[in-house]
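We have chain A already, so just place chain B on it with the hints.
Quick mapping for you: the protein sequence lines, in order, are chains A and B.
Residue 153 in numbering that gives the first Met the number 0 sits at position 154 of the first sequence, and the numbers go up by one each step.
Residue 261 in numbering that gives the first Met the number 0 sits at position 262 of the second sequence, and the numbers go up by one each step.
Hints are computed from structural coordinates only; laboratory data are not their basis.
This structure is a prediction, so every number in the text was calculated from the model and none was measured.
Do not rely on the hints blindly, as some may be mistaken.
Unchecked claim - According to the in silico footprint, chain B covers these stretches of chain A (three or more CB under 8 Å from chain B):
(1) 66-79
(2) 93-103
(3) 220-233
To be verified - Pairs of lysine-lysine residues, derived as BS3-like cross-links and limited to a Cα-Cα distance of at most 25 Å, are as follows:
(4) B:K418 with B:K283
(5) B:K283 with B:K415
(6) B:K283 with A:K115
(7) B:K409 with A:K111
(8) A:K243 with B:K207
(9) B:K409 with A:K316
(10) B:K418 with A:K115
(11) A:K316 with A:K243
(12) A:K115 with B:K207
(13) A:K243 with A:K20
(14) A:K20 with A:K316
(15) A:K115 with B:K409
Each residue gets a CB set at the ideal place from its N, CA and C atoms; glycine is no exception.
Each chain is listed here by its residues.
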Amino acid sequence: MPEAGLLAILPMNEIVFFLNKVVIAGFIIGSVYALGAVGVTLIFGILRFAHFPHGDMMTAGAFAALVLMWTFPGAGAAVGLPTAFVLMPIAMAVTALFAVALDRTFYRPMRKAGVKPVVMVMTSIGVMLMMQGLLRLFAGTGTRQLYVDTDAKDIYRIPLGGRDLVITEPQLLLFATTIVAVVALHLFLTRSRMGKAMRAVSDNPDLARVSGISIDHVVRTTWLIAGALAAAGGTLLALDVTLKPDLSYNIILPVFAAAIVGGVGQPYGAIAGGLLVGFSETLAVFNWSVLLRPLRPYLPEFIEIPAKLAFVPTEYKIVVPFFILVAVLIWRPTGIFKGRVNT
Amino acid sequence: MSPSLREAGLFAGLALLVAGIFAWLGAAYGVRMLAEAACYAIIALGLTIQWGYAGLFNVGLMGFVAIAAFTTVLVSFPVNDAFWQGDGPLMLGQAALTLAIGVAVTVLLSKSTRIGLPKGLRTALTLVAAAITYLAVQGQLDPAAALIEREAGFVGGLGLPVWLGWVAGGLVAGLLGWAMGRITLGLRADYMAIATLGIAEIVKAFLKNADWLTRGTLTVSPLPWPVPTPQELGFVASRSAYLAVTAVMIVVLYVLLERAWHSPWGRMMRAIRDNEVSAAAMGKDINRRRLEMFIVGNFIIGLGGAALITFTTIFDPSSFAPLNHTFLIWVMVILGGAGNNLGTIFGALLVYVIWIMSEPVALFLFTSAEHWGERAFGWQAPDDLYTRALQMRVFVIGLTITLVLRFAPKGLLPEKVVKYD
Numbered sequence: 000m001p002e003a004g005l006l007a008i009l010p011m012n013e014i015v016f017f018l019n020k021v022v023i024a025g026f027i028i029g030s031v032y033a034l035g036a037v038g039v040t041l042i043f044g045i046l047r048f049a050h051f052p053h054g055d056m057m058t059a060g061a062f063a064a065l066v067l068m069w070t071f072p073g074a075g076a077a078v079g080l081p082t083a084f085v086l087m088p089i090a091m092a093v094t095a096l097f098a099v100a101l102d103r104t105f106y107r108p109m110r111k112a113g114v115k116p117v118v119m120v121m122t123s124i125g126v127m128l129m130m131q132g133l134l135r136l137f138a139g140t141g142t143r144q145l146y147v148d149t150d151a152k153d154i155y156r157i158p159l160g161g162r163d164l165v166i167t168e169p170q171l172l173l174f175a176t177t178i179v180a181v182v183a184l185h186l187f188l189t190r191s192r193m194g195k196a197m198r199a200v201s202d203n204p205d206l207a208r209v210s211g212i213s214i215d216h217v218v219r220t221t222w223l224i225a226g227a228l229a230a231a232g233g234t235l236l237a238l239d240v241t242l243k244p245d246l247s248y249n250i251i252l253p254v255f256a257a258a259i260v261g262g263v264g265q266p267y268g269a270i271a272g273g274l275l276v277g278f279s280e281t282l283a284v285f286n287w288s289v290l291l292r293p294l295r296p297y298l299p300e301f302i303e304i305p306a307k308l309a310f311v312p313t314e315y316k317i318v319v320p321f322f323i324l325v326a327v328l329i330w331r332p333t334g335i336f337k338g339r340v341n342t
Numbered sequence: 000m001s002p003s004l005r006e007a008g009l010f011a012g013l014a015l016l017v018a019g020i021f022a023w024l025g026a027a028y029g030v031r032m033l034a035e036a037a038c039y040a041i042i043a044l045g046l047t048i049q050w051g052y053a054g055l056f057n058v059g060l061m062g063f064v065a066i067a068a069f070t071t072v073l074v075s076f077p078v079n080d081a082f083w084q085g086d087g088p089l090m091l092g093q094a095a096l097t098l099a100i101g102v103a104v105t106v107l108l109s110k111s112t113r114i115g116l117p118k119g120l121r122t123a124l125t126l127v128a129a130a131i132t133y134l135a136v137q138g139q140l141d142p143a144a145a146l147i148e149r150e151a152g153f154v155g156g157l158g159l160p161v162w163l164g165w166v167a168g169g170l171v172a173g174l175l176g177w178a179m180g181r182i183t184l185g186l187r188a189d190y191m192a193i194a195t196l197g198i199a200e201i202v203k204a205f206l207k208n209a210d211w212l213t214r215g216t217l218t219v220s221p222l223p224w225p226v227p228t229p230q231e232l233g234f235v236a237s238r239s240a241y242l243a244v245t246a247v248m249i250v251v252l253y254v255l256l257e258r259a260w261h262s263p264w265g266r267m268m269r270a271i272r273d274n275e276v277s278a279a280a281m282g283k284d285i286n287r288r289r290l291e292m293f294i295v296g297n298f299i300i301g302l303g304g305a306a307l308i309t310f311t312t313i314f315d316p317s318s319f320a321p322l323n324h325t326f327l328i329w330v331m332v333i334l335g336g337a338g339n340n341l342g343t344i345f346g347a348l349l350v351y352v353i354w355i356m357s358e359p360v361a362l363f364l365f366t367s368a369e370h371w372g373e374r375a376f377g378w379q380a381p382d383d384l385y386t387r388a389l390q391m392r393v394f395v396i397g398l399t400i401t402l403v404l405r406f407a408p409k410g411l412l413p414e415k416v417v418k419y420d
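Next comes chain A alone, as it looks inside the complex (with noise of 0.2 Å):
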């Protein structure tokens, strides 16, 4: 067979761990990024503030996750995926609630005084502060496994000559879960009256006053639907890791940039932006000369082949999702997909 044989002149092994290493993981940590960036984006456009304790909300969508698990440890056996995974959507629904409440207690007396948006921004650091201290104070500093003893972490591994693709059931889900949101996402936006309203809100917010839009409504749906997105990927996160409670900074950084970068109030661009730099960050860090070892051969004496090259040292990651944001702002600042809150 033509494929058998070139099949055993590719460097398989070589092949599969970039795969491994860079697409898979790409994938997954870009999923992530994309499920908060829906919700910075969103409010981002119709509240027009910068939503700094998202990253804290993930969180504290991951421990109310954890929270329902001790509560209901065998709703998962019964269905036979992770408990936590089964009992997400309560999760997000509570989230969802907790970020209405937040917007009620915080935002909107501050929207109501007509406060500047700079005056959003620094309330909602004092909410982040808030929601880091309650997080570190119920919860300790420490990691934890969001899984019971019943849970069982499936791999699997797909044989591919020579190295095995691996991967596992939370990652499988945070896939299907990604897919299935971004559709929804986008069937709401572009089909439902609601969806429509918070587009007509986000363009000009006085325009779709004057056509008898409510406010409020849209406001509240965009908490909704930002507060259950961040549970969803928090809550994953710590499916396929662990569960950190000091999360914060190392999710909210690329969260902004994969926001800004898809053009902000853009809920597509943010998920394209997701996955840029969900794989921009696996790139950055994988090491190079194991595809270029089996070059060897082929590749002149002089040239030498370090044994590690990787454009950034894995302890210098945060630096990635910086650098994608600057060089945006310099070059493109209304983002890929031209956002529209840009001065």
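Using the frame of chain A, we list chain B on its own:
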């Protein structure tokens, strides 16, 4: 109540509070608290001109403080002979030369549209040049770093006077501010907040991981002081001398900033802050003026940060927590009164005293809660209750920010609005 009476009353109350702490915990502790509060007051003055005069939103204070503190270490720490006698300086020099050539080529290429290259080609060439520069510098720096870490530990300092280190720290912080400002000042304020937060995290990551430059988590100590150290004079005397130095800095800065506030330049800044469009219509170059303010503010922040870290005598890159160095100072500024220099100094002193005192108070509250909970419900407190108790202060800082912004947006000593008839 007239403003001056209010000022007098608030400062008298603060003096009573400080006197009480002196009587309770002794002079050595009290002077230390005041000296640290004075350093925070300098940083807060830098922030108040950014936020209060010009409306710039800087949440990356930690980054500017850290870079200034590092520069101070580099300038004033004693010379490390092991580093200068090895091959380290030569290799670092080569890396620096490569960097200089690479940057020059990249900048020239980015201007190559002037000799008629198409725009797309220019962008591509610039990117390629930047990538090659980066990889080449990294390739030269890595062995140099490994060599220095193996043979000398870290590069050490230059052994110059401490005040020179502080000024250099301020200048480097200002330079970083210039680079940041060039990128973000033309955009809306939210982007600036995100970008300053990002730069602070990056500066922290760099200082923590560049062991050859900063000793990383091993920390550098003891840092030299500009005045005789406690070993020579005793705690009270040497800390008082340090306090005197910082107090003189505050007075000088206060006089200069008050003059700037009343000058046409200060008036123009407030005009830009309050109404950008009309200021632009009057022909003011808004972004340029803001950049000036951002640089000056960061210079002062760097100065204060360098003084603060020198006082603690230890440079620990992992100690630059956003909470202590960013949001605590934000609370000082907005609680004291943004745009009122006296209010900012008052806010800095008050908030720092409360912050320092809140640690024993939080521990006391949580210990009593533990006892009470055990007696009443047989509640087993988690082992890390004390670290968690300290996290409660994060909550209080956040709550203070939201409450002040909502109920007293002008602060305790509001900005004095000058009215012309």
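Now for the hints, and whether the structure bears them out:
no.: 1; hint: 66-79; in the structure: violated (count 0)
no.: 2; hint: 93-103; in the structure: violated (count 0)
no.: 3; hint: 220-233; in the structure: violated (count 0)
no.: 4; hint: B:K418 with B:K283; in the structure: 22 Å, holds
no.: 5; hint: B:K283 with B:K415; in the structure: 23 Å, holds
no.: 6; hint: B:K283 with A:K115; in the structure: 22 Å, holds
no.: 7; hint: B:K409 with A:K111; in the structure: 18 Å, holds
no.: 8; hint: A:K243 with B:K207; in the structure: 21 Å, holds
no.: 9; hint: B:K409 with A:K316; in the structure: 39 Å, violated
no.: 10; hint: B:K418 with A:K115; in the structure: 23 Å, holds
no.: 11; hint: A:K316 with A:K243; in the structure: 18 Å, holds
no.: 12; hint: A:K115 with B:K207; in the structure: 36 Å, violated
no.: 13; hint: A:K243 with A:K20; in the structure: 22 Å, holds
no.: 14; hint: A:K20 with A:K316; in the structure: 14 Å, holds
no.: 15; hint: A:K115 with B:K409; in the structure: 14 Å, holds
In summary, the structure is inconsistent with hints 1, 2, 3, 9, 12 from the numbered list given earlier, while agreeing with the others.
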